[in-house]
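K.L.:
Full structure from sequences and hints, please.
Spelled out, the chains give:
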Amino acid sequence: MSKRRDWPLWEVFIRSRRGLSHQHVGSLHAPDAAMALRNARDVYTRRSEGVSIWVVPAAAIVASSPDEKDAFFDPAADKAYRHPTFYDVPAEVQHL
Amino acid sequence: MDEFQTLVDADERIEPRDAMPEAYRRTLIRQIAQHAHSEIIGMQPEGNWISRAPSLRRKAILMAKVQDEAGHGLYLYGAAETLGVDRAELLDLLHEGKQRYSSIFNYPTLTWADMGAIGWLVDGAAIVNQVPICRCSYGPYARAMVRICKEESFHQRQGFEILHTLSRGTAAQHAMAQDAVDRWWWPSLMMFGPPDDQSPNSAQSMAWRIKRFSNDDLRQKFVDMTVPQAEVLGLTLPDPQIRWNAERGHHDFGDIDWSEFFAVLNGNGPCNAVRLERRRRAHEEGAWVREAATAYADKHRRVSSTAGAA
Ligand SMILES: [Fe+2]
Ligand SMILES: [Fe+2]
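Residue numbers (the working numbering), protein chains in the order written: chain D, 1 to 96; chain S, 1 to 310.
Honestly, the hints are just simulated from the structure, not real lab data.
Quick list of in silico lysine to aspartate or glutamate cross-link-like pairs, EDC-like style, CA-CA up to 20 Å:
hint, chain 1, residue 1, chain 2, residue 2
1, S, Lys59, D, Asp42
2, S, Lys98, S, Glu277
3, S, Lys98, S, Asp86
4, S, Lys150, D, Asp42
5, S, Lys221, S, Asp239
6, S, Lys299, D, Asp32
7, S, Lys150, D, Glu49
8, S, Lys299, D, Asp6
9, S, Lys221, S, Asp252
P.N.:
Encoded structure:
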């Protein structure tokens with residue numbers, strides 16, 4: 001039986017107040033989800049920083065690789081027409 | 001690697017999976033780990049006074065502060081782990097004496113007034129050191145420092161309040177406050193590290209924007225901040241050479257005894273052995289809790305996967 005050196009890693013996300021989305025705040029080690037939530041409450045919301053917590057096993061996160069960032073994000077680079085500032089509008093036009 | 005230095009020079013942040021020089025990674029791991037170790041070892045000198053705090057209010061405050069320091073350790077170990085090390089490994093290195101923590105925690109806390117002097121001077125010096133790290137080039141370290149700095153300001157204020165109260169109390173209380181300041185002043189100045197001309201790694205850390213100000217500049221800033229606060233406290237800083245230098249626009253102060261600093265750094269401070277021994281013992285005595293929690297989690301995973309199959 002292989003012995004783990006430490007509990008699994010969890011990433012912690014907090015909604016600081018109603019109307020805002022959850023934001024990544026840090027990570028912690030915990031044996032299971034329930035303990036991860038409790039520990040997240042104790043370390044990341046000691047001063048009422050949150051009204052809702054998500055904990056996600058770090059191993060479950062799929063990330064884009066920084067090595068492929070040019071090719072991966074390239075398609076957006078030459079499409080300036082997706083931004084409103086791309087368009088010429090006469091100066092006298094309002095509310096547009 | 002040129003892309004790395006371009007990002008750093010542009011004051012952008014380096015994130016965990018970016019390419020980075022191996023020496024940058026190693027330097028950060030060592031610095032963040034040492035910082036994390038300092039936070040958790042730093043719980044001991046103050047933990048020593050929780051049961052003897054003079055009132056329920058002071059006890060609740062001191063517990064909250066010591067709990068914060070545990071949290072700071074957690075944030076920092078988490079930041080170090082993004083560089084590809086395990087927290088368990090770093091704890092081993094601490095326990096084996098192969099990585100350091102701040103020398104300041106190798107001094108004893110002899111009286112209640114030490115809780116005031118630590119909050120005011122030690123946390124105060126830590127804040128001066130740490131605020132610039134909020135803009136450090138490595139993203140996770142910088143973000144951890146933002147959280148930490150927010151919490152530290154309460155630490156410094158509660159320390160100031162303790163000393164302010166004692167200083168205006170009975171003659172014995174005032175003397176106790178003065179004695180604590182006398183003992184903590186010089187070690188606090190040493191927290192900024194050796195003088196610039198004896199700090200060989202500083203230039204590289206500045207180029208990497210891990211460090212933003214030199215040791216001597218930060219020390220000067222701390223002295224300039226602290227002198228007027230001492231006046232408000234009605235306490236004297238134990239250095240007859242402290243005086244305002246209008247030409248420099250800073251306070252002059254006396255020479256630091258660096259032989260004491262290096263002696264403590266090399267293990268010969270009053271409490272080095274006790275601090276490490278207690279840390280090791282706490283870790284060993286907590287092993288059964290960690291194992292039980294793991295066994296419980298494993299059992300529940302088995303039960304729920306069996307239930308799922310049925
Ligand atoms: Fe701290
Ligand atoms: Fe602190």
